[in-house]
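Residue numbers (my numbering), protein chains in the order written: chain A, 1 to 399; chain B, 1001 to 1399; chain C, 2001 to 2290; chain D, 3001 to 3290.
Hints may contain errors.
Partner residues aside, some chain A positions facing chain D, computed with beta carbon under 8 Å [as the list claims (entries may be wrong)]:
| id | residue |
| --- | --- |
| 1 | Ala-73 |
| 2 | Asp-124 |
| 3 | Gly-128 |
| 4 | Glu-201 |
| 5 | Thr-263 |
| 6 | Leu-267 |
| 7 | Met-282 |
| 8 | Gly-362 |
The calculated DSS-like cross-link candidates involving lysine-lysine, where the alpha carbons are at most 30 Å apart (straight line), are [to be verified]:
| id | chain 1 | residue 1 | chain 2 | residue 2 |
| --- | --- | --- | --- | --- |
| 9 | A | Lys-129 | D | Lys-3043 |
| 10 | C | Lys-2019 | B | Lys-1256 |
| 11 | C | Lys-2091 | B | Lys-1129 |
| 12 | D | Lys-3115 | A | Lys-152 |
| 13 | A | Lys-214 | A | Lys-256 |
| 14 | C | Lys-2287 | B | Lys-1129 |
| 15 | D | Lys-3107 | A | Lys-98 |
| 16 | D | Lys-3115 | C | Lys-2107 |
| 17 | D | Lys-3107 | B | Lys-1239 |
Everything labelled a hint here was simulated from the structure, so no lab data went into it.
Cβ coordinates follow ideal geometry from the N, Cα and C atoms, glycine included.
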Amino acid sequence: MEVPPGPRKNARGLKSPMRLYEYEGLDIFEGFGIPVPRRGVADSTEDALLIAGEIGYPVVLKAQVLVGGRGLAGGVKTAETPEELEELSASLLNSEIKGLPVHKLMVCEKADILNELYMGITVDGFSGKPVVVVSTEGGVNIEETARTSPDKITSFYCDPAFGFFPYQARMLLRRLGLSERLLTLFADVLVRLYRVFAQFEALIAEINPLVVLKTGYQGGLLAVDSVIEVDNSALSRIKRPMPELTERIENPLERKGREIGVTYVDLGGDIGIISSGAGLGMATMDIIGERLKPANFLETGGGITEELLYKCMELVMMKSDLRAIIINIYGGINPIHEGARGVVRYIKEHKVKLPIVAKALGNHQEETWEIFRDGGVHVITEAPTEKAVERLYELVGEE
Amino acid sequence: MEVPPGPRKNARGLKSPMRLYEYEGLDIFEGFGIPVPRRGVADSTEDALLIAGEIGYPVVLKAQVLVGGRGLAGGVKTAETPEELEELSASLLNSEIKGLPVHKLMVCEKADILNELYMGITVDGFSGKPVVVVSTEGGVNIEETARTSPDKITSFYCDPAFGFFPYQARMLLRRLGLSERLLTLFADVLVRLYRVFAQFEALIAEINPLVVLKTGYQGGLLAVDSVIEVDNSALSRIKRPMPELTERIENPLERKGREIGVTYVDLGGDIGIISSGAGLGMATMDIIGERLKPANFLETGGGITEELLYKCMELVMMKSDLRAIIINIYGGINPIHEGARGVVRYIKEHKVKLPIVAKALGNHQEETWEIFRDGGVHVITEAPTEKAVERLYELVGEE
Amino acid sequence: MSILIDDNTRVIVQGITGKIGSVQTRWMVEYDTKVVGGVTPGKGGSTVEGVPVFDSVEEAVEQTGANASVFFVPAAFVLDAFYETVDAGIKLIVVVPEHIPVHDVMKIRAYALEKGVFALGPTTPGILVPGKGKMGIMPGSLFSPGRVGIISRSGTLSYEFAGILSEKNIGQSAVVGMGADPVVLSNLPDILKLFEDDGETDAVIIVGEVGGMQEEKAAEFIANGMTKPVASYIAGRFSPQGKRMGHAGAIIRGSAGTVKGKCEALGTAGATILKSPIEVLDWTADKDIH
Amino acid sequence: MSILIDDNTRVIVQGITGKIGSVQTRWMVEYDTKVVGGVTPGKGGSTVEGVPVFDSVEEAVEQTGANASVFFVPAAFVLDAFYETVDAGIKLIVVVPEHIPVHDVMKIRAYALEKGVFALGPTTPGILVPGKGKMGIMPGSLFSPGRVGIISRSGTLSYEFAGILSEKNIGQSAVVGMGADPVVLSNLPDILKLFEDDGETDAVIIVGEVGGMQEEKAAEFIANGMTKPVASYIAGRFSPQGKRMGHAGAIIRGSAGTVKGKCEALGTAGATILKSPIEVLDWTADKDIH
């Protein structure tokens, strides 16, 4: 599935939001009165068997990985018997889904599905409003539905100060032709999902599919999946217990980046990058990428101190086979002269021999150049990043 | 102290809101981050001694009664020693404050008071807005201050959809001449109090006094008292554990009224009143009150059924020395013919001999009259309640 | 032109499929009110008392041209229904239910004011214009057409006064229940103004109650140039007042709220004070109102 | 007349007593910006860099006649400070801080739109008008007066482009940081319109990024009659994209958001697409911009 960048990612797809696992989301849904299946979470086949025993067969096994398109990638299986469960569980727990290791399985009851609906709420960047999206044809092909049957899908932009009320939900659902009991049930779940979205400061909250049970509308609706992404910047004020963001970062270097307070994305190449802004970092990567391969993307944001850049050097140097480092920083909000001291202290303490090119302009630029030069860093004093990258080529040659 | 009727009482001072005890309010304040004294609640002198032992002397003993003006009525005492506490506790626990028995004492640390402030938030009926009231001269004489030194007190009407923000609190407090650390501390507590007001659907939330500690502003502020009244109509949706409203009604007849779902106020006289609306009930009382004494005020609201009026009869008849009952009801939203059946069923089952006068008009009036007459009730078919009361005089004579 | 309800008023009933909603729809239809539709989400497509039911107010307005709505919606759903009704373009809303949380009432009051909607209630019997129609629960048999306006904070007392007048063949131009809650959607002076401006009203009766500031504010309105005679009865002279906690109310309101204070304010403003409801007949005789 | 900042702009600094606030106040004053006051609640009465500090914006406006504000307020307090600033009548607000919760940004954006306030950010370097003044953190040394407007989603890239131009003696009419957050207070077309209408701007550079719809919407604006030449660089061609969860965004946005899509949209609308920042010099030479 070709994946266009998400709404809130912006260039800052790099600054990932806090993603919740499906089972965490379902627990939250349950607390907000959204109907969810009976279920349990297992990190071993023994546990999975115990849970399935309590629920009763058949059960559905769902790999808990923080990525979309899991079903099509083989992460969801049905087990009719304990034997089958044992086999499926063992293979899932040792697998990777789209490059992510499976640590946990959710074991849940198999719903008797009549129909699959869709509801999602996200932040629309351009209008600056929460947008509620609903469809009568949910499931894995929802984006296809959006393209081919736009009449089966509709959306509503909320006033963020007003919120989202049941009557608005009903008006929206009427446009899809819903009526009677399904109209009010669907509206009820949608309003509850909006509460989750608002109270968890979500960037996205989604139920796909929201299942209509075969036992009829009397049996009602069931949220058999959850997607919740929480705004990092709001984590501290969410009044509910939240998992530790750092812990769920699989890559140890990226986890360390989070710990020291910078955005670090681990990449396959051999040129280390330190920039003082995401845009500048991306441009640096774009320019380098024409002829070389970045080892990482490291962006400090506006919090540069001597200590921080010392730690950034430490982090970038943890990558093996590094051939060079390029530092591209501006003194606007950042005291780059202090940052330069951190870099040079690291270089001296660790006797770094790697070629390092630094372009540093703005407030305190002359002082910064002096400090860098004292550490043996190749300083670029012209504005275009292309000049710094040319110097890099001279130093390391092309691949 | 002459007590003007409260804001939200309206005529319906009769329908009391849910009042919280001081200690319950302080617990809530604590949960919202408002600084409160160390304290405990005791229903025996032994417990009071234990709590005081933990807190350390001197302590303040505060009778827990749901009425204002407690301090001036002798409900607040300071104990310097265990002996003194024993004596004071024993006498308070056996006392009545303004007619209410003291079941519990709060024992709390004695604050080192530099200054007393005031903050209260209530619903302003006419504007339909929450109104925030603050003063630099809090304490028992706050209403006196409002009259004599209006410059020491100021208020702000909030937009109920917008809420109340710290900047509004600061703007309000600037008008009282506050600045520096006291300005931000006071504003912080005020915004938290507004959160209590909003989340507990309060009709009033008040801290008086809010104490400035002698140890200086560094030591900060302390809420040494709480007044919270919660909107009855919102009790079911408050997302926190709430005490049971019925349990805290001292008068057993009034408690029973609450249980069956009517407003019942116990009075000293001997004429029972059942009305189908508060206004009509009050008018009936006004007319009766010229020459006779009501035994009660019972108002059904719009929920009359046969069963309800049967229970109302039962409740009214529980009062000893009753001389007569007047029933004054209208068939608008109420099916008064059904109500009449309940009354007559009670009369017949219990062979009631007491004179009963009923005025009943509106939808189903003829049917209602017929049912009443069948039960021996004196039916008035004219509109003025005065006519019914005249009939009552004829039946029971004047006092 | 009568106030609030006239020949162009097309009413929908929200909560029409409930027990009270359906019974009261029958009474309203029997009183010749133009009830053009009802709304209960999830019950669209059915009918009640011959009136078509819709899932949403938007749809009801589209299909019936409704321009007024009366609520028999459960208290917990009133906030949502009110927003819906305002957004659908309805300009007159009567909120009959009681026990609506006061914090909700404050919000919908602000919304109505912002959007220019005239609303009555909550805890109101509604409005009845004799011979024209009614929105609410007032029992039609007690009212008769005429030229006296009644505004009442209490539902049952509005019936009492209309009944007393009607027995003596003194008809009413309109009877308006202001609503008995601590916060109401339209205040006493707002309604008084409608009567003052109404060509079919000769005199107005205000039926008030102990508590709050409505009557004091009405007195201000009267003093500021009301031209029609006003009589006022304030209930609660002998009513027990609850024990009071907290000071904020008293600080804001000063001495307002007592029966005595209200009578004095209204009397000073020029209204005739009725000590007992039946005295209204002396007033009509005295002022030659019929 | 330059855009946003001119001779009548009187700036207050909110959060002026913080570490960043005080340092940046010095840089703004040194750049000859009219900084007339600062605000930090509880710190009123002091001074920072010779600038008087007030407890509230209301007081600052009363005392100094301020009409613009730049924020160095901690992220958690921005919502409150923003409402305060709008209510005090300020019409231009620059929100520099990063990490403001998106749900707060949505609310203050709606508030600014409702009240007719022009705001930039969050996560913006602010605005700099060479020779006139600056609100924000842009390092003055990189800029020079001239007739090219720059709008950038990225702070650092706005410096980069200004620096490249200034080195070649091509000055700027104004440099505006749009803010790098998913939701910003003014969108790209809003700022583009300011430059289109500005008599001191001859050409505009848009510095965009992968993600969102800002550049696509800017392309619509250009196609709908923008008269001045536009060049655009979109960063993120080789950037790794995070793994995606959820569908709502893709449904709403379709294929918007990729560097390729943005370049195509802008190119089709008539903008010159720069593959690398330094190509901006070819563009200015080609269009004879100086």
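Comparing the hints with the structure gives:
Because the closest C-beta pair between Ala-73 (chain A) and chain D is about 12 Å apart, greater than 8 Å, the hint is violated. Interface hint status for Asp-124 (chain A): upheld, as the beta-carbon distance to the closest one in chain D is roughly 6 Å, under 8 Å. For Gly-128 (chain A), the shortest C-beta to C-beta distance to chain D is roughly 4 Å, which falls under 8 Å, so the interface hint holds. Of the supplied interface hints, the one on Glu-201 (chain A) holds, with its beta-carbon coming within about 5 Å of a beta-carbon of chain D, less than 8 Å.
The interface hint given for Thr-263 (chain A) is broken, as the beta carbon of that residue sits about 11 Å from the closest beta carbon of chain D, more than 8 Å. This hint holds: Leu-267 (chain A) has a C-beta 6 Å from the nearest C-beta of chain D, less than the 8 Å allowed. Interface restraint check for Met-282 (chain A): the shortest CB-CB distance to chain D comes to about 4 Å, inside 8 Å, so the restraint holds. Annotation: interface hint on Gly-362 (chain A) holds; nearest CB of chain D at approximately 3 Å, less than 8 Å.
With a CA separation close to 35 Å, the supplied pair Lys-129 (chain A) and Lys-3043 (chain D) exceeds the 30 Å bound. Restraint check for Lys-2019 (chain C) and Lys-1256 (chain B): the C-alpha separation of about 27 Å stays at or below 30 Å, so the hint holds. For the proposed pair Lys-2091 (chain C) and Lys-1129 (chain B), the alpha carbon gap of about 22 Å is at most 30 Å, so the pair holds. Restraint check for Lys-3115 (chain D) and Lys-152 (chain A): not satisfied, since their Cα atoms lie roughly 37 Å apart, outside the 30 Å limit.
The hinted pair formed by Lys-214 (chain A) and Lys-256 (chain A) fails the criterion: a straight-line CA distance of about 48 Å is larger than 30 Å. Under the criterion of a C-alpha separation no larger than 30 Å, the hint pairing Lys-2287 (chain C) with Lys-1129 (chain B) is inconsistent with the structure, at around 39 Å. Distance check on the hinted pair: Lys-3107 (chain D) and Lys-98 (chain A) sit about 37 Å apart at the alpha-carbon level, beyond 30 Å; violated. A distance of roughly 21 Å separates the Cα atoms of Lys-3115 (chain D) and Lys-2107 (chain C); the hinted pair therefore holds under the 30 Å criterion.
A C-alpha spacing of about 25 Å is found between Lys-3107 (chain D) and Lys-1239 (chain B), which places the hinted pair at or below 30 Å, so the restraint holds.
Checked against the numbered hints above, the structure breaks hints 1, 5, 9, 12, 13, 14 and 15 and satisfies the rest.
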